[in-house]
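Colleague: Next come the chains, spelled out residue by residue.
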Amino acid sequence: MKLAVYLTAGYPSNEVFGAFASAACTAGADRLEIGLPVREPKYDGPEIRRTHARALENFSMGGLASTLKACINGGTEATALRYMPDPAEFGSILGDIRESGIRQMIIPDLLIDHYEERFAVIEQMNGAGIEWIPFYNPATPDSVILETIDRAGKWVYYGLLPSTGISVPTSVETVYQRAREVIGNREIVFGFGIRDSQQVSLLRDLGADGIAIGSALVNFLQNSDIEGFRNYLGVLNAIRN
Amino acid sequence: MMESYREEIIPENWYNVVPDLPEPLPPPKSESEDRSSIEFLNRILPAEVLRQEFTFSRYEKIPEEVREMYRIVGRPTPLIRASLLEKKLNYSGKIYLKYEGATVTGSHKINTALPQAFYASREGVDEVVTETGAGQWGTATALAAAMNGISSKVFMVRVSYDQKPLRKTVMNIYGSSVVPSPSMETEFGRKILDHSMDHPGSLGIAISEAVEYALTNNKRYLLGSVMNSVLTHQSVIGQETIRQIEIEGIEPDVLIGCVGGGSNFGGFVFPFLKRFRNVEMIASTASEVPKFSKGSYKYDFIDTAGILPRIRMYSLGSDFVPSGIYAGGLRYHGAAPSLSLLVKKGRIKSEEVSEPEVKDALRFFAAATGIVAAPESGHAIATALRYVKGNLHEKRNIIINVSGHGNFDLSIFNR
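Sequence lines, in order, name chains A and B.
Residue 91 in the numbering used here is what sits at position 91 of the first sequence, and the numbering runs on without skipping anything.
Residue 3 in the numbering used here is what sits at position 3 of the second sequence, and the numbering runs on without skipping anything.
One or more hints might be untrue.
[What the hints assert, rightly or not] Subject to a maximum C-alpha distance of 30 Å in a straight line, what follows is the list of computed DSS-like cross-link-like pairs (lysine-lysine): (1) B:Lys344 x B:Lys389; (2) B:Lys94 x B:Lys389; (3) B:Lys395 x A:Lys42; (4) B:Lys344 x A:Lys42; (5) B:Lys395 x B:Lys294; (6) B:Lys349 x B:Lys94; (7) B:Lys294 x A:Lys42; (8) A:Lys42 x A:Lys2; (9) A:Lys42 x B:Lys298; (10) A:Lys42 x B:Lys345; (11) B:Lys29 x B:Lys88; (12) B:Lys344 x B:Lys298; (13) B:Lys274 x B:Lys344; (14) B:Lys274 x B:Lys29; (15) B:Lys298 x B:Lys191.
It is worth saying that the hints were derived from the structure and are not from the lab.
This one's a predicted model, so the numbers in the text were calculated from it and none came from an experiment.
Using the sequences and the accompanying hints, generate a full structural model.
Modeller: Put into structure tokens, the structure is as follows:
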């Protein structure tokens with residue numbers, strides 16, 4: 001089972017972010033999910049919201065390429081996660097993402113708040129040499145998955161909960177089975193609300209292709225606790241492998 | 001014989017429409033960087049209700065205990081061919097009534113109160129709390145709590161509390177403690193009374209009080225409408241209707257119901273969506289609470305105090321206080337997200353009816369069916385009468401969801 005590590009670019013500073021990104025890659029992360037900070041991270045929980053607010057003060061796309069270079073050369077895939085930009089900015093943001101060496105992008109609000117434009121947006125991404133990584137969740141109707149899945153890049157992000165970093169009761173088995181039934185054999189990475197080792201084992205046993213971890217890491221970044229971060233990823237590695 | 005026939009009509013699963021919607025349902029939102037108001041729901045709702053809310057399983061098994069309680073309270077409710085009404089209107093088609101007023105509490109509200117109270121009691125909660133506008137939801141909660149062996153407390157919108165003392169009596173008989181809202185029992189209520197001692201109250205305020213009470217006293221709050229889990233529980237209405245029309249041997253052409261928060265309507269029509277793709281669906285609301293025509297489709301708070309998350313729905317604003325209209329159950333400022341989405345997409349049409357037309361319709365309807373329907377249901381009836389008058393020579397099968405009886409609302413006829 002793969003591990004995707006989510007970090008908000010520029011949080012808590014460009015240096016600390018860069019050090020943690022490198023540490024994630026050497027600690028075995030298969031994917032880096034790089035959140036590009038925005039003012040309104042609509043569907044994120046409190047921890048990630050805080051990282052966006054702080055990162056906006058520091059972040060510029062310029063330094064991202066050098067930060068990610070070693071990781072990408074070492075075989076870790078990088079995916080940008082960005083809420084839908086204004087149409088006027090979209091082209092230049094796609095250009096910046098590509099410049100950074102990233103070839104995949106998640107737009108978490110695309111199917112929710114920009115449903116009518118979905119195909120045009122995906123085409124624009126593809127035209128810029130960026131794969132569309134869909135973000136689905138249990139509130140995504142089956143028909144919506146079926147009509148968009150053919151446009152997806154090599155994997156699919158599936159959010160278990162309505163927001164990141166929160167804990168509310170849900171039936172992981174039921175959610176997993178429905179996702180698998182509709183999405184088929186494609187690679188599904190589950191995220192949103194994964195915190196404890198029990199959930200990770202459960203997803204592994206069910207047959208998930210990957211897990212994404214984000215909110216659970218924010219404290220390590222906030223405290224520049226890179227050792228704690230490595231240990232945490234070590235625990236996840238032990239469960240997932 | 002009769003009992004086993006009835007039990008076959010009560011469905012074994014609830015149906016959740018979300019996996020079958022035409023577009024993704026926008027998630028609830030919480031903007032705070034300190035705490036998530038979504039996670040906060042853990043502290044006020046029964047865990048199983050929350051699990052159903054966020055799992056979005058197309059089918060959710062109805063616990064046997066709940067099915068048994070459904071039977072005891074009068075499910076399945078009858079599907080009645082209103083042939084005298086057809087004759088009186090000179091209508092060429094057929095009119096059927098799904099009569100939710102036939103439950104022991106007199107409305108559809110018991111369909112979700114029973115499972116919510118059941119889950120709360122199984123989780124060890126000793127008291128549930130809620131709000132009520134017209135009194136139907138409070139009555140259902142009071143009985144559901146009693147049947148599950150726990151206590152209940154109901155914050156009743158003051159204007160209804162004053163106008164409908166008998167509702168309060170029924171809730172008291174079931175063992176519930178009823179207080180008029182705004183009340184002195186919560187900080188939110190006290191704040192409002194500080195500004196205006198004779199505030200008539202609103203559903204949004206009563207929800208805020210009930211939520212605050214649940215939170216400060218570690219009780220569980222029962223949801224009367226709007227949330228997806230509630231509409232899922234209400235799907236027993238539509239599923240039963242489908243079985244009943246199969247027995248009757250008819251195809252549905254038009255479904256009409258009234259909308260407050262949207263639970264009776266959603267529960268009635270959603271089970272039809274996949275199988276009967278061309279069936280016409282009309283949501284009837286009060287002209288005095290014009291959420292679909294004058295409200296906007298936006299993220300808004302469920303409650304006036306803004307304790308609960310924001311959800312995307314048609315809303316007139318969470319501080320909307322309607323004039324003291326005759327149909328308390330339709331006073332809510334918003335409508336369920338799934339229903340709102342389907343109205344926005346044009347799959348469900350909406351119509352508005354005002355008080356005089358509703359009263360005329362209720363009288364006309366009562367004389368032909370014997371049912372003195374609730375004023376809320378009167379909107380569905382008035383919309384159906386309009387529909388028939390505009391399509392007299394069509395042979396369409398119309399089904400009206402009559403969500404409740406109006407035996408406690410007779411004072412509207414003296415206004």
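Colleague: For which of the previously enumerated hints does the structure constitute a violation, in increasing order of number?
Modeller: Violated hints: 3, 5 and 11; rest satisfied.
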